[in-house]
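The listed protein sequences derive, respectively, from chains A and B. Under the numbering used here, think of the first position of the first sequence as 1, with each following residue one higher. Under the numbering used here, think of the first position of the second sequence as 1, with each following residue one higher.
Calculated from the structure, these hints are not laboratory results. It cannot be assumed that every hint is accurate.
In silico lysine-lysine, DSBU-like type, Cα no more than 35 Å apart, as pairs [stated by the list, open to error]:
| # | chain 1 | residue 1 | chain 2 | residue 2 |
| --- | --- | --- | --- | --- |
| 1 | B | LYS132 | A | LYS118 |
| 2 | A | LYS109 | A | LYS123 |
| 3 | B | LYS134 | A | LYS58 |
| 4 | A | LYS58 | B | LYS181 |
| 5 | B | LYS103 | A | LYS123 |
| 6 | B | LYS103 | A | LYS118 |
| 7 | B | LYS103 | B | LYS181 |
| 8 | B | LYS134 | B | LYS103 |
| 9 | B | LYS134 | A | LYS123 |
| 10 | B | LYS132 | A | LYS123 |
| 11 | B | LYS181 | A | LYS109 |
| 12 | B | LYS132 | A | LYS58 |
| 13 | B | LYS181 | A | LYS123 |
| 14 | B | LYS181 | B | LYS134 |
| 15 | B | LYS103 | B | LYS132 |
| 16 | B | LYS174 | A | LYS118 |
| 17 | A | LYS58 | B | LYS174 |
| 18 | B | LYS181 | B | LYS132 |
| 19 | B | LYS174 | B | LYS132 |
| 20 | B | LYS174 | B | LYS134 |
| 21 | A | LYS109 | B | LYS132 |
Going by beta-carbon spacing under 10 Å, a handful of chain A positions derived as facing chain B [what the hints assert, rightly or not]:
| # | residue |
| --- | --- |
| 22 | SER34 |
| 23 | GLU44 |
| 24 | GLU60 |
| 25 | ALA69 |
| 26 | GLY116 |
| 27 | ALA120 |
The C-beta atom is built at its ideal place from N, Cα and C for all residues, glycine as well.
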Amino acid sequence: MTTIRHHLTDDLIMGYSAGTLPEAVNLIIASHVSLCDDCRAAVEAHDALGGAVLDTTKAETLDDGCLDATLAMIRAMNAPAPRDIKVPQDPVAPAPLLDYIGGSLDAVKWRPVGMGVKQAILKTSPDATARLLYIPAGTAMPDHGHRGLELTLVLQGAFQDDEGYFARGDIEIADADLQHTPVADISQDCICLAVTDAPLRLKGLARLAQPFLNI
Amino acid sequence: MFGATEPLDTRDATPIAAPAINGHVRGDDRDKAKPVSAGTADDSGPDWAAVLIRIRDHRDEASFVALFRHFAPRVKAFLMRSGADAAQAEECVQDVMATVWQKAAQFDPARASAATWIFTIARNRRIDALRKQKRPEPEDLPWGPEAEPDQEDRLGLQQETEHLEEALASLPAKQRELIEKAYFGDLTHSEIAEATGLPLGTIKSRIRLALQRLRHAMDRK
Ligand SMILES: [Zn+2]
Numbered sequence: 001m002t003t004i005r006h007h008l009t010d011d012l013i014m015g016y017s018a019g020t021l022p023e024a025v026n027l028i029i030a031s032h033v034s035l036c037d038d039c040r041a042a043v044e045a046h047d048a049l050g051g052a053v054l055d056t057t058k059a060e061t062l063d064d065g066c067l068d069a070t071l072a073m074i075r076a077m078n079a080p081a082p083r084d085i086k087v088p089q090d091p092v093a094p095a096p097l098l099d100y101i102g103g104s105l106d107a108v109k110w111r112p113v114g115m116g117v118k119q120a121i122l123k124t125s126p127d128a129t130a131r132l133l134y135i136p137a138g139t140a141m142p143d144h145g146h147r148g149l150e151l152t153l154v155l156q157g158a159f160q161d162d163e164g165y166f167a168r169g170d171i172e173i174a175d176a177d178l179q180h181t182p183v184a185d186i187s188q189d190c191i192c193l194a195v196t197d198a199p200l201r202l203k204g205l206a207r208l209a210q211p212f213l214n215i
Numbered sequence: 001m002f003g004a005t006e007p008l009d010t011r012d013a014t015p016i017a018a019p020a021i022n023g024h025v026r027g028d029d030r031d032k033a034k035p036v037s038a039g040t041a042d043d044s045g046p047d048w049a050a051v052l053i054r055i056r057d058h059r060d061e062a063s064f065v066a067l068f069r070h071f072a073p074r075v076k077a078f079l080m081r082s083g084a085d086a087a088q089a090e091e092c093v094q095d096v097m098a099t100v101w102q103k104a105a106q107f108d109p110a111r112a113s114a115a116t117w118i119f120t121i122a123r124n125r126r127i128d129a130l131r132k133q134k135r136p137e138p139e140d141l142p143w144g145p146e147a148e149p150d151q152e153d154r155l156g157l158q159q160e161t162e163h164l165e166e167a168l169a170s171l172p173a174k175q176r177e178l179i180e181k182a183y184f185g186d187l188t189h190s191e192i193a194e195a196t197g198l199p200l201g202t203i204k205s206r207i208r209l210a211l212q213r214l215r216h217a218m219d220r221k
């Protein structure tokens, strides 16, 4: 495993554990955690706090039939689920992402957005937008800002911007104020998963010629 | 993050003296009448991880009933405080507890307490039922729960969870409510961002210790 230098923040970890984030944000967090043992431990530690909240909460009385209904359910169940382990199946896309791209990067329907850059928008709930980006090696992006939070996880290759150098597994967390100019590393084409929490606004086909991130 | 690169406020890192209270501070007393000798690590209540392991390994219905009596009323409360009405919560409780039975093979006592594991199932059910969203989960580590988990990992983890409950109970009421609200899904992301910036006393140091323990358990494999 490569050394990951750029991690999730406490609030994202807690939000993921509490289950209050949009689906697209959960997706990028689950993808980072798949590659990062530090953040995995942090998520599980926050889950433990959720367990403590559950265990110490004031119990509600159940309806009389609740236990019997549940027992009927488990007796009607087929053999218990064996452990199904989501093991890494793709050298680039972590398992949670594969569910959103039809099981393989080869299945991604890329659309060109200019300068050799391609993107594919993934289907998630509309409260945040997830897209895959394909940036040819050495390509410089134009300055771009964004309305809300922007998260970028590197899956292949690397990019550099004012905030630092981001390689596979690294996640950049940029708020609305940050203007940055990412440049893909020359060594390899760069593939990223990017999530913005402002909803996507499509303004016609002319939009496709605009800088791809500035949506 | 709690990574080594960022300083974490450790002023509160002194472990609190474990108060001599009986585990389930605000729980009901029904638990004590339960006919299950779960085998206890100390006197703070049944060892629910052991109960879950009996369900996992022996499909033991009596153990399931005991687990249900303790956790199902709490899961219902969790769902209702998350915005479900009583009927909806009751239905979800059945799903959650049936999932516990069905997926018991995935319970790893070196990584989570019973309460933690059931919390994650209830949370995912809530996201599914109340928000109609999928919940992307991380890739599994390439190993699974071991047949014979390391006793030290297992007990350490269970104790850590108890300490976390004690730390939560000893927080000032306002802070405790803030954390409860976060986990009941009652805080927006920006409110959570504000909350995680607060000095939350022993909670932060407890989470950090849990994190170190998990990190250690992961490294060992
Ligand atoms: Zn990380």
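Do the hints match the structure? See the list:
| no. | hint | in the structure |
| --- | --- | --- |
| 1 | B:LYS132 / A:LYS118 | holds (30 Å) |
| 2 | A:LYS109 / A:LYS123 | holds (12 Å) |
| 3 | B:LYS134 / A:LYS58 | holds (28 Å) |
| 4 | A:LYS58 / B:LYS181 | holds (14 Å) |
| 5 | B:LYS103 / A:LYS123 | holds (28 Å) |
| 6 | B:LYS103 / A:LYS118 | violated (40 Å) |
| 7 | B:LYS103 / B:LYS181 | holds (28 Å) |
| 8 | B:LYS134 / B:LYS103 | holds (18 Å) |
| 9 | B:LYS134 / A:LYS123 | holds (11 Å) |
| 10 | B:LYS132 / A:LYS123 | holds (14 Å) |
| 11 | B:LYS181 / A:LYS109 | violated (40 Å) |
| 12 | B:LYS132 / A:LYS58 | holds (26 Å) |
| 13 | B:LYS181 / A:LYS123 | holds (29 Å) |
| 14 | B:LYS181 / B:LYS134 | holds (22 Å) |
| 15 | B:LYS103 / B:LYS132 | holds (22 Å) |
| 16 | B:LYS174 / A:LYS118 | violated (48 Å) |
| 17 | A:LYS58 / B:LYS174 | holds (17 Å) |
| 18 | B:LYS181 / B:LYS132 | holds (20 Å) |
| 19 | B:LYS174 / B:LYS132 | holds (31 Å) |
| 20 | B:LYS174 / B:LYS134 | holds (32 Å) |
| 21 | A:LYS109 / B:LYS132 | holds (26 Å) |
| 22 | SER34 | holds (4 Å) |
| 23 | GLU44 | holds (5 Å) |
| 24 | GLU60 | holds (4 Å) |
| 25 | ALA69 | holds (6 Å) |
| 26 | GLY116 | violated (29 Å) |
| 27 | ALA120 | violated (17 Å) |
Hint compliance for this structure: hints 6, 11, 16, 26 and 27 are not met, and every other hint is.
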